[in-house]
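Residue numbers (numbering that gives the first Met the number 0), protein chains in the order written: chain X, 0 to 80; chain P, 0 to 398.
Careful, some of the hints might be misleading.
Computed, partial: chain P to chain X, Cβ under 10 Å [as the list claims (entries may be wrong)]:
1. S49
2. R54
3. R55
Worth flagging that the hints you see were computed from the coordinates, not collected in a lab. Where a beta carbon is used, it is the ideal one built from N, C-alpha and C, also for glycine.
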Amino acid sequence: MADTSIEHIQKVITESLVTFGADPDAISRDAQLEALDVDSLDLAELSQIIEEQFGVELTSNDVAEIKTVGDAIDMVAERAK
Amino acid sequence: MNEVVVTGLGAVTPLGIGAATLHERWAAGVSGIEDGEGACRDFVASDHFSVKQARRADRFAQLVLVAAQEALADAGWEDELPYAATEIGAIVGTGIGGIGTIEANDRALFEQGPKHVSPLAVPLMMGNAGAAAVSMRHGLRGPSYGVVSACAAGTHAIGSAMRAIQYGDATAVLAGGTEASLTPLSRAAFVAVDALSPTGISRPFDLRRDGFVMGEGAGVLVLESGEAARARGARILAVLRGYGATSDAHHITAPPSDGSGAARAITRALADADITPDQLVYVNAHGTSTPINDRAETAALKSALGDRAYKLPISSTKSAIGHLLGAAGAVEAVATILALRNRTIPPTLGLEEPDPELDLDYVPLVSRELVVEDGQLLAAISNSFGFGGHNAVLCLEAT
C-alpha cells in the first residue's frame, strides 16, 4: 500500500518539481505553478508520477484546476483516500 | 536576387567548443576521434543550460543551441536582433533527430509500459526540434524548420536558407546542422549496414580506408542579406555564392561509381555562383573514408572540375572529427570559411598510404598554406552526400 500521508504526497510533488527545474527555495504550498515555471508538459509528467506513486489518475480537466503547489497536494490527498 | 553573406560562425565538435577551435586544432593535425568515435567530450550540458532547459532538449538540440549562440555572438547579435524578429529564420538539418530520446523511451515502453513514456518524448525526438529550439531561444519568428537528408542535411539547410534570403522570405537565417547519434541503436544500425569503420580509423582517400567513424556535433552559420548586412555595418566573413542539389536515384546507400549525381551538384553550385572551376582554390570534400564514397567523389570532382581537379587542394574534415551525419555539412561549411580566411588548408589526417586509383591532391597529414595570387577569389566548394542519393554542394567565397 502506498504511503498517502499528506507529508509524503508533499515530498513526492516537491521533489518532482525540483527535478523539472523549479527553484527549491521558491516551492511552498502557496507558490503558483506558473511562477515556478511549471508548464503543461511538467504537469503531464507530474500526473504520470502521481499515478505511479499513489494510483491516482488525474485527467487533463483535473490538472487544469491546479494553480498552486497546495492545490496539487490537496487534490492527490483527497483522491488517494 | 539578394546576395547572401555569412556574418557569424559557431561549432561544437569533437575537437572542442567553438568554430576557431575546430579550425586551429584540425590545422594543427589534432584528431578529435577517440576509441573509434568522435564524441563532443568538452560539451557538458550544465555548462550551458539550466536544469529545465537541459531537460527540454535532446542532446542534438542542445548542441545546435550552443553553436547558434556562438554564431549569433560572432555576428554581433548578442545584445539585440538587428532586424525585426519576423524577418529572421532558423533552418537546421539533422540526419536522425533525437535518437537518444527515442531509445530511452523505447526502453521505458518495453520494460515498464506505455504509461512510462515521457510527455517530453515527442518534443525532444522530433527532427525539427533543433530548429524549434533555436527559434524559441532567440525569439526568431521568420521561417523555421528542420531539414532531413541524412548526411547532406546540414548543407541542404544552408542552401535552403540561402534561397529564403535570396527570395525575400527572410532577411537573415540561422542555418546549420546538428547530430547526437552516438547511441547503441545508431551504432548497431550503422554497423549492420556496413558503413562504420571496423578499425575505428578515419582515413579518407587512404588505400586502407574501411568505413566512416561516427561523430557528433553541430555547426551554425548566420546568413544575412548582403544589402542588409552592409547597411548595418556588419563584418562579412564570406559570401555564400552558390548552391547545387541533385539526387542519384540509384541506390538507397550507394552512389553510382562515376559520382555523376555529385558531379551535377558541383556543376550546379558553380553555375549558381557564377564561378568557373579555375576560380576555385579549395575543396572541402565529403570524404567519409568509406571505400565507395571516396572513389565516387574523386570521380565526381574530375568530371565536374576537369583539369582543375588535379590542381586543387582537397581535404576532409571527417579525418579529424569523424562523420557528423546531418551536422557534417554545416560544420564543414564553417571549416571551409575558416580555412579560406586563415589561408590555411587543414589536412586529411590518416592519409598515409595513398590509393593508387585516387590521384588528386588530398593534402595528406600536414596543413598547407593557401597561396592566392593577386585578383584570385578565395572561393571553395563544400560537398555533402547522403544515404538516399542526396547530393548538396555549397560554393563559398571568403572576404
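Hey, does the R54(P) contact hint survive, CB to chain X under 10 Å? Cβ of R54(P) sits 6 Å from chain X, so the hint holds.
Please check whether S49(P) passes as an interface residue: C-beta within 10 Å of a C-beta belonging to chain X. 6 Å, holds
Interface hint outcome for R55(P) [beta carbon to chain X under 10 Å]: 8 Å, holds
Consistency note: the structure conflicts with none of the earlier hints.
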